[in-house]
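Here's the letter readout for the chains.
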Amino acid sequence: MAGLFQLLPLETAVVVSMAAPLVAFFVVALLDRSPNLREAASITAGLVTFYCAVTIFIGVGDGARPEIDIVEMLPGLSLKLAVEPLGALFGLIASGLWVVNTCYSIGYMRGHHEGGQTRFYMAFCVAISAALGIAYAGNLLTFFLFYEALTLSTFPLVTHERDEAARAGGRVYLGILMGTSIGLLLPAVVWVYGLTGTTDFALGGILGQVSANMPLVFSIIVCLFAWGTAKAALMPFHPWLPNAMVAPTPVSAFLHAVAVVKAGVFGVLKISIYTLGAVELSQSAAADIITYVAAASILIASAIAMTQDNLKARLAYSTVSQLSYVTLGAMIASRYGILGGGAQIAAHALGKMTLFMCAGAIAVAHHKKYISEMRGLGRVMPYTFTAYIIGACSIIGLPPFAGTWPKFLLMLGSIETGDAILVGVLILSSLMNIVYLLTPAVRAFMDPVPGNQAAEIKEAPAFCLFPPWFTAIGCLVLFFYMGDIIRYLEPLVEGL
Amino acid sequence: MLLDDLPVLPVILPLVAAPVCLLLPNNRLAGSFATLVAWIALVLSAMLLHTVAVVGPVEYALGGWASPLGIIYRVDLAGAIVMTLVALMASVTFPYAIESAREEIVPSQTSAFFAMFLIVFAGLMGVVATGDAFNVFVFLEISSLSTYTLVAMGAKRDRRALTAAFTYLVLGTIGATFFVIGLGLLYQVTGTLNMIDLHDRLAGVDNKVVRAGYAFILTGLGLKLAMFPLHRWLPAAYTYAPSPVTAFLASTSTKVAIYAMLRFLFTVFGFNFGFIDVAFTFFLILGLIGMFYASLIAIFREDVKMILAYSSVAQIGYMLLGISFATVDGVAAALVHVVNHAVMKTTLFLAVGAVFYALGSHRLSAYRGLGKRMPVTTAVFLIGGLSLIGVPLTGGFISKWVLVAAAFNSVLAVPSLVIVLMIVASSLLAVAYIGRIAWTMLLEEPVGRQPKPVPMMMVVPMVLMAALTIYLGIDAATLVSLCRQAAETLLSTGLGFGGTS
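Each protein sequence line maps, in turn, to chains P and D. Number 400 in this note's numbering belongs to position 412 of the first sequence; there are no gaps in the numbering. Count along the second sequence starting at 1, add 25, and that's the number in this note's numbering.
Read the hints as simulated data drawn from the structure, not as lab findings. Don't take every hint at face value.
As the list claims (entries may be wrong) - Sample of chain D residues at the chain P side, in silico, Cβ under 7 Å:
hint, residue
1, Val234
2, Pro417
3, Val429
4, Phe433
5, Val436
6, Ser452
7, Leu453
8, Ala501
9, Ala502
10, Val505
From the three backbone atoms N, C-alpha and C, an ideal C-beta is built for every residue, glycine too.
Using the sequences and the hints given, assemble the complete structure.
See the structure below:
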């Protein structure tokens, strides 16, 4: 079995994993007229990419660190890829869930009779390639480049409906993401280059000197990175995420629960470890500020989520809240903080994707978007809502689901740094999660079917039903294998 | 023999060709002839660049008269780079103009149009090649006068070209007058017009006359290069001139004026001149304001050509900023941006010209849904736009990167972080105005009549320029090291002529 994933040299695997979606981009464009072949091309590319990501994941786990220099524009200014455990994990999650999501998209897009499907799949191909580029980036400049590519390639997906609402949402999406990345992230990158003469990622960070001699400069850089990576949706730069919910549900499920937002928190975590340096960060005053901003984000976003009647909007605010867990972990910058952040990337991806796909399934089968309309719907769609409950329990952090571990680790991390308030925030957040995530499901099962009709089971098409179940089971399985993932991420926290 | 004449040939050739061009019939022949001349000039300039890069600055005494009597042509690396750039832009815009001029110029003026084009070309090359201060004035006026004519020829499609040309004429002449007054004052003090002699005789001299001459020359050149707040002529002239003229001017005329500025600052006056710092302070402040102010105006304009014209004023701010650092890194950054901005602005203006050819309008409203109807032109425009913003993998990114790195390595009146933030803020404004156009092109539904197909003669040049924009963003090392060398020659020896004094 393991031999199956050792066929390709790792460098080749990295190239293929990013090239396959781009090849699929053109194939999808050519197969515009035959939808079945077109979707087959997407899935094939997804499987190839996933295979490569697994190869890389295993290779990196064995201690290899594949590096590829793409181009050197100026001395010290180059594009290069270098895979380390965190990136390998993110790449694995993104490519694996892309396959699941493509299957789901087929059911959703056809069930919902969406137009412009070729454009939809083409944009997805570019987005996944960019997401992998972010995962495998070897320096800040490469990271920045793919980060922008991800923003631009997902823009057509957000505005897919092409109506006024989509345009308004798209404007906010692009405005906030581009504005922060050029206005905050890029200056931070340039400044790091100005201070150190390099933008390479190196374990332990490259700003040790700066942190020791110019604490204020270091603090400003920390803030620029934390807010500049606005895909992590740290308040007050979160509004792009709820606005992106105008997109079709597969986009929300995959991009705004997995690829885009995880690219953001992955970036925060990676930059914390590989540019800023965990040791320096744990001593920095700015990190404390960002920690509390993240804690506030967790609570405020949860509070807003409670008021939302639109299920997707509620999930979006829940995502804002959950992403700040990772930022929190990165800024605590202790051993358990970082591991908790890494675990949260994996666990939240599975859980939130399940929830979004369930929301989409409800929309496809019954055209219902609002929670107030979903009373009694559980009796009509029992399988969908059961998957929903599993996803919700995982997000809340109930055993035996994957979401348990990150919360546990983050609490350990908070205690480790002696910050009792953060423990309180995490507990309070879980309670709020229960209220806003489980209530819709409880009402769906307990309330009578409107009009007192006999409940007749009418589920979404199989393509919309199996993917959420797949990820729901994933939540369960990951609970038992989280230890392996944490061991896998161990090299990141060596010496902490 | 040919090699000995290299410094002067690219100047003489178009100058001699211009009257010949005027005799040609008013059809494609005139344009083809001008194109051929430009291509030969490009080859000669490239050879010159190669020679200068390998063996160092070259000299040529006009008519065999040695200095101080005769006029000496001297080309160092900075000059060779700018000459090659100008020749390249001519080689690209002339063939483009053959088709485009059929739409935008009164047919009976075609051969006059290309004759004027050749004279502008010759004038710009001359400003760079010459080593004689008064000769700079002569060539500046040769190019300026013919530019006024070219701008006025846009009157076929829009009568406002006439007022634009007149404004340009008045302001340009004021600039030229200032410049020549300055030269007069210097001549009064030194009794020479040869740049090297000027440098030698000015060494250690610092009196009111020299200072006045310095101020007059810099102000005059500042007008020519559209330094904020002396930029008033530029937006209208660029907007109403025929498209190929705008493309050529935007990429060359202000750049050559920047070059002349560098020459006078570092070669004629040099760091020995105590008053030189005043210019740097002014450049720093005016450059920063210009970057901001012009970008801000660009956001609120409805005419795409006008938007790009204001963006040019802003981009000149970047070059002035680089010069104001007064370091090798800074001047090198300015030169890098001279090249990159020339390439990206030509790309953009050629694309705008193609849209004008197809739809007959520069208004933003005409750009609705263009992505579907003119995909190649849209792609070219977007590449140019991304470079203007400074997205990685385009030339514009390298420019900004080098400039910011230079800012970090300089000791300046303003903290370098403030400068970096200003550069970033200005880039964000560029995102706004380019984003607005891109939004219209890509996301709005097409309206109005179907665009006319654009001929290959126009498509190929703009695609080439777009490709060059990207190439300069990937293989930047060659250009940056060339510009660095050029800046070193300009600054380290105090004068750019290999220290022959």
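So, going through the hints one by one against the coordinates:
1. Restraint check, valine 234 of chain D versus chain P: the minimum CB separation of about 42 Å is more than 7 Å; hint violated.
2. Given the 7 Å rule on beta carbons, the hint for proline 417 of chain D holds: about 5 Å separates it from the nearest Cβ of chain P.
3. Annotation: valine 429 of chain D was flagged as interfacial toward chain P, and the flag holds, the nearest CB pair being 5 Å apart, inside 7 Å.
4. Because the smallest distance between the Cβ of phenylalanine 433 of chain D and any Cβ of chain P comes to about 4 Å, under 7 Å, the interface hint for this residue holds.
5. Among the interface hints, the one on valine 436 of chain D is violated; its C-beta lies about 14 Å from the nearest C-beta in chain P, farther than the 7 Å criterion.
6. Restraint check, serine 452 of chain D versus chain P: the minimum CB separation of about 6 Å is within 7 Å; hint holds.
7. Interface hint at leucine 453 of chain D: satisfied, since its Cβ lies 5 Å from the closest Cβ of chain P, which is below the 7 Å cut-off.
8. This hint holds: alanine 501 of chain D has a C-beta 5 Å from the nearest C-beta of chain P, less than the 7 Å allowed.
9. Checking alanine 502 of chain D against chain P by beta carbon gives a least distance of about 6 Å; that is within 7 Å, so the hint holds.
10. Look at valine 505 of chain D: its Cβ gets to within about 6 Å of chain P, closer than 7 Å, so that hint holds up.
Checked against the numbered hints given earlier, this structure breaks hints 1, 5; the rest are met.
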